[in-house]
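Novice: Residue-level listing of the chains:
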Amino acid sequence: MRKNWIGIPALMILLLLPALSVARGDDEILTPVAEEQLAEPDPGLDVSGTVTVQDKDNDAGDLLLVSFELPADTEGIFAYNVYRRVAGEEGEGSWNLVEIIPADGLSEFIDGYDPEYPIASGVLYEYRIASATVDGEEFFGPECEAGVVSKGEIYHTGKTKIFIASILFIGLIFYYFGKAQKGIEMYMRPIAGIEAIDEAIGRATEMGKPVLYVPGISSIADVATIASLTILGRVAKKIALYQTPLIVPNRDPIVFTVAEEVVKQAYLEAGRPDAYDPDSVFFVTTSQFAYVAAVNGIMMREKPATNFYLGMFYAESLLLAETGSLSGAIQIAGTDAVTQLPFFITTCDYTLIGEELYAASAYLGREPKQIGALKGQDACKAIIMTFITVALIFGVIDVVANTHILDWFRDLVTSPIVD
Amino acid sequence: MKRTVPLMIVMVGGILMILQYFIPHQISQTVLAYYTDWAPIILAFALVLGVGSLTRIHSHKIRRKAKNWQYSYAVLIPLFGMPILAHIWPASLSGGMDSPSIFHFLFMHVQVPIQATMFSLLAFYIASAAFRAFRAKSALATLLLLAAVVVMLGQVPIGELFGRWLPETGLWILRYPNLAAKRAIMLGVGFGMLATNLKIIFGVERNWLGGAGK
Numbered sequence: 003m004r005k006n007w008i009g010i011p012a013l014m015i016l017l018l019l020p021a022l023s024v025a026r027g028d029d030e031i032l033t034p035v036a037e038e039q040l041a042e043p044d045p046g047l048d049v050s051g052t053v054t055v056q057d058k059d060n061d062a063g064d065l066l067l068v069s070f071e072l073p074a075d076t077e078g079i080f081a082y083n084v085y086r087r088v089a090g091e092e093g094e095g096s097w098n099l100v101e102i103i104p105a106d107g108l109s110e111f112i113d114g115y116d117p118e119y120p121i122a123s124g125v126l127y128e129y130r131i132a133s134a135t136v137d138g139e140e141f142f143g144p145e146c147e148a149g150v151v152s153k154g155e156i157y158h159t160g161k162t163k164i165f166i167a168s169i170l171f172i173g174l175i176f177y178y179f180g181k182a183q184k185g186i187e188m189y190m191r192p193i194a195g196i197e198a199i200d201e202a203i204g205r206a207t208e209m210g211k212p213v214l215y216v217p218g219i220s221s222i223a224d225v226a227t228i229a230s231l232t233i234l235g236r237v238a239k240k241i242a243l244y245q246t247p248l249i250v251p252n253r254d255p256i257v258f259t260v261a262e263e264v265v266k267q268a269y270l271e272a273g274r275p276d277a278y279d280p281d282s283v284f285f286v287t288t289s290q291f292a293y294v295a296a297v298n299g300i301m302m303r304e305k306p307a308t309n310f311y312l313g314m315f316y317a318e319s320l321l322l323a324e325t326g327s328l329s330g331a332i333q334i335a336g337t338d339a340v341t342q343l344p345f346f347i348t349t350c351d352y353t354l355i356g357e358e359l360y361a362a363s364a365y366l367g368r369e370p371k372q373i374g375a376l377k378g379q380d381a382c383k384a385i386i387m388t389f390i391t392v393a394l395i396f397g398v399i400d401v402v403a404n405t406h407i408l409d410w411f412r413d414l415v416t417s418p419i420v421d
Numbered sequence: 020m021k022r023t024v025p026l027m028i029v030m031v032g033g034i035l036m037i038l039q040y041f042i043p044h045q046i047s048q049t050v051l052a053y054y055t056d057w058a059p060i061i062l063a064f065a066l067v068l069g070v071g072s073l074t075r076i077h078s079h080k081i082r083r084k085a086k087n088w089q090y091s092y093a094v095l096i097p098l099f100g101m102p103i104l105a106h107i108w109p110a111s112l113s114g115g116m117d118s119p120s121i122f123h124f125l126f127m128h129v130q131v132p133i134q135a136t137m138f139s140l141l142a143f144y145i146a147s148a149a150f151r152a153f154r155a156k157s158a159l160a161t162l163l164l165l166a167a168v169v170v171m172l173g174q175v176p177i178g179e180l181f182g183r184w185l186p187e188t189g190l191w192i193l194r195y196p197n198l199a200a201k202r203a204i205m206l207g208v209g210f211g212m213l214a215t216n217l218k219i220i221f222g223v224e225r226n227w228l229g230g231a232g233k
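Here the protein sequences come in this chain order: U and B.
For the first sequence, my numbering begins at 3 and goes up steadily by one.
For the second sequence, my numbering begins at 20 and goes up steadily by one.
It should be emphasised that the hints constitute simulated quantities derived from the structure, not laboratory data.
Careful: at least some of the hints might be erroneous.
[As the list claims (entries may be wrong)] Derived PhoX-like pairs (lysine-lysine); straight-line CA-CA distance at most 20 Å:
{"id": "1", "chain 1": "U", "residue 1": "Lys-181", "chain 2": "U", "residue 2": "Lys-211"}
{"id": "2", "chain 1": "U", "residue 1": "Lys-211", "chain 2": "B", "residue 2": "Lys-86"}
{"id": "3", "chain 1": "U", "residue 1": "Lys-383", "chain 2": "B", "residue 2": "Lys-201"}
{"id": "4", "chain 1": "B", "residue 1": "Lys-201", "chain 2": "U", "residue 2": "Lys-211"}
Could you put together the complete structure from these sequences and hints?
Specialist: As structure tokens, then:
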């Protein structure tokens, strides 16, 4: 019995020991869970501070310059979502997402470029910025009223340099207009391409073949096309006098209607309205290469003795000029498209380079005001050339002498034209 | 009247557009949008005149049995056939949206390849023009030939086999003498445009008015 009395507590102790040990072990395992459960919930991403809004200068009253304070802790932030609404509106649905700025981007942007959410002039807006996680979860910062409204400006201050230059150059052109009107003789350097026009028309007359005039493939909005149409008037007048057939294929319908009127008038002025052929000026197509195919076909079938390519040209310039060259025609080209000039120079007998196209009308007409405008252009170029030369010389002196006296001049030359 | 009204429209419109460039205000932008909206409207009417002109000329040719009159059918049939197919018969013959319409088929399998063919001819024309331009007939032509050889070889990988100097020289030619010449031309073009615009705005140049200009 005594043995039993000792044995029962011993057995209980033995049974309790593993239980205690298990209980202690459980405690060790559960402790972190309990700690986790007890810890404060994660506050999420840090949010940006106040939003500052300024009216953008030199706009139509449809842009605002928005900047915001970056959060102190940018850990975990993928982007900042910028929301805007009209001040005074209520409800979550009134906010519009107007910009998403990458976390490593700038903390300012110009609001109003998105056509879906334009800025209205004179309207007060509210902004708020959300720090967004890569999963798209958002943590919003405070709502801030813009404080300013967008207003349109009457004068673009960034274009002052252009304004001054325009006044100067326009003034110079008008000065020479006046000078020409007073009858003062002005020298014009001869341009081979323009002087060859008479010769080219004469050749076509002698050969009894037509003259082909291509007024470019651009629209009437292009100044080169307008210049080409003024030359067409002069050329058509000479053609009417010589009674040579004329072919004017057009790519643009508006250019066609103007060209038709110009040629009709030229024949009238030449005193040969009866010689005007209504089929001489016609519309072909607006398609660039279909137009080329049509004109090349005319060249190969009709074999014009003289081809004029005056106006704006693109990739078709060489296709036209090379076909004309193969057909054996004398060719006079003129364009202000710098990239197409080498093709014309290579394949044509005479080429009017850039501004010569604009000068041709004055050369052919010899009207005082036209010549005055030409001299005005030359004066403008002289000013620019002087400016560049002076800048070059002073710049070299600055480099050689290792001074910075003319930094202001360099800045003036190299700074953007529109600020 | 026939001359004064267009001249006044051009003068007022031209001056307004010059001023508009310096005024960013909303009113100024509205004026610009209003003016530019007119362009497609005028173009639509002019296109009718253009198609009328094309039809008239080719009808005359067919009627008079002029030289190559058969080609006029090649102009007139597609000219009227394609819009008919596009507007009157827009769906495919087999029906459904997945299969292309006849218009689409003709556009993709006739017009596009023909246009691509015309454009691809440019490669051969460039070769023929280059051959003519690069003949060393004079000192200047020889200089042009040398510059062209350096620039062309400098643009292709084989150029580097001659040494780094070749692509670098080619790049120098493009960046300095070539760019300087291009800028000089563009400067002249800019002033030419300015003078031409002023001549048109202030009525010095009136040839564009056609019959009304005199």
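Novice: For which of the previously enumerated hints does the structure constitute a violation, in increasing order of number?
Specialist: 1 and 4
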